[in-house]
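Enquirer: Residue numbers (the UniProt record's numbering), protein chains in the order written: chain R, 1 to 281; chain C, 1 to 317.
Hints in this document: simulated from the structure, not taken from any laboratory.
All C-beta atoms in this analysis are idealised placements derived from N, C-alpha and C, irrespective of residue type, glycine included.
Take every hint as true, because none was put in to throw you off.
Calculated cross-link-like contacts (lysine-lysine; reagent style PhoX-like; alpha-carbon spacing at most 25 Å): (1) K135(R) <-> K227(R); (2) K245(C) <-> K315(C); (3) K234(R) <-> K47(C); (4) K135(R) <-> K48(C); (5) K135(R) <-> K25(C); (6) K260(R) <-> K241(R); (7) K168(R) <-> K48(C); (8) K168(R) <-> K135(R); (9) K25(C) <-> K47(C); (10) K227(R) <-> K241(R); (11) K229(R) <-> K51(R); (12) K199(R) <-> K221(R); (13) K182(C) <-> K10(C); (14) K135(R) <-> K47(C); (15) K51(R) <-> K135(R); (16) K182(C) <-> K134(C); (17) K168(R) <-> K47(C); (18) K2(C) <-> K214(C).
Computed spacing ranges between beta-carbons, pair by pair: (19) D188(R) <-> D93(C): 20 to 30 Å; (20) H107(R) <-> D44(C): 36 to 46 Å; (21) V190(R) <-> D93(C): 18 to 28 Å.
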Amino acid sequence: MSKTQQLENLTTQVRRDILRMVHKVNSGHPGGSLGCTEFLVALYQEIMNRKEGFDMDGANEDLFFLSNGHISPVFYSVLARSGYFPVDELNTFRLINSRLQGHPTTHEGLPGIRIASGSLGQGMSVALGAAQAKKLNGDKHLIYSLHGDGELQEGQNWEAIMYASGNKVDNIISTIDLNSQQIDGCTDDVLPMGSLKAKFEAFDWTVVEIEEGNNIDAILKGMAEAKSKTGKGKPVCVLLKTVMGNGVDFMMHTHAWHGKAPNDEQLASGLKQNPETLGDY
Amino acid sequence: MKTYKNTGNKDTRSGFGAGLTELGKTNENVVALCADLIGSLKMDDFKKNHPERFFQVGIAEANMIGLAAGLTIGGKIPFTGTFANFSTGRVYDQIRQSVAYSNKNVKICASHAGLTLGEDGATHQILEDIGLMKMLPGMTVINPCDYNQTKAATIAIAEYEGPVYLRFGRPSVANFTSEDQKFEIGKALHLVDGTDVTIVATGHLVWEALEAAKTLNDKGISAEVINIHTIKPLDAEAILKSVGKTGCIVTAEEHNHLGGLGESVSRVLTTNHPVPQEFVATNDTFGESGTPAQLMDKYGLNAEAIVKAAEKVIKRK
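Full structure from sequences and hints, please.
Expert: As structure tokens, this is what we get:
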């Protein structure tokens, strides 16, 4: 089986996890999760240089920070299926006494999580701090972060974006999930942000665009290019064009499934479109 | 009664700067961040001696808190520096999510707290920061009383694992605690023995409490004075032991009576050993421009106000 096929199989399984997790508790955020499934699968399985096990400091390995914490379903599924905690635990998503809180947190000690996120716009600052700690420690590994496009409306991001280039933090690859949707509708209708490429370049970042953000090969190629541009005095931004709700036809191209769970029939339809590959939890 | 000698007025922020300088030499994991107030926070020496461990973040406090949280991942011990107002109210959600809820080992070091910031006025004089910070689960809140104690506290919090809010001020005030003190987080300091009234003070009000105790002594009233430098966790045992003897208490702080030290003390008393309490604190108000002394006088935060409160609370016994 080709590497791409393996990653696609995992992607399909992660989609099933996401749908089943949010369906069970009738809450959570499937739309953005499905849109970032290929990216997170590729990141954890192929792109990042990770150690076995988990410790908070993460010395001598690449680290990932999720800033748009509401896409916790995809994050939890990918973490579990990458070996950070038992896959069965996905069953506890958003339930009382669970380590899988509605939004990711370090508070319950879930392996794989290094910062709480959910209140938007904070993750880039944290990722930059971790990147600077790596530099101080002489650790050549990279920091990856993921942010929603709507999330960039939070001002703290622009403090961080300005800081990163001003201080030549060149060991970070911050990816923006460009799905053009947010809770109240299209980003262009809610608060038009113009060209993010032009904005990041104006802030002196290197920008890599991935037009097909739901295509494993395109992601691997784009992220390899992004990686090749690290260590050159500038922070690197990846603009990842994705389709919200990807892989489940009735959830695609709409903000309607940002924070809504499928009912029984919708779940059945979604699962039918994504047949079991590695085995359900 | 036991008295204390002022060895010469000094600002508590310089105590912070001196502590940070010391940490620079002794703890290589200590890093410092500042939001364009290096001179005001007395961080110049640390920056000069350890440029690689110093991060000038510009006028961007939200980013500073996030950077500090991130720096802990990799074993650094970040000390952030800006005014108390910009250290707390401006960045509350960043502290709440990225520091407190995430349990990051960040030391939020806040200068120019309270009215004694002076002439800049109410936009900069935060009187709500103790309340904001003590409400955060897991946050330690410290407000040392003078230069020596602020230096000792700065050094001590580096050894403690967990988020800390360290509050200090701008003006030169009496420096009377010992130079070589060991600072113990959460341990109240018993300064003067007394039997008629307990005065529990924090920050700049500790010296005022000592002055008040002298006046009260002259009037034949025996006041016990306790320096509560740590507001959270509060040394309930020390407070209860003292009021067990005196039967009444005055709390004194450069902060709003809503949410401050006084309310924390009240909770200890009402759930254990209720006794009359009077508050020396601001009365749910903003500050204004003026000299520190004028402001402390106008808003009733000095030795004279403590004396009046003590006389009043004794009558309520």
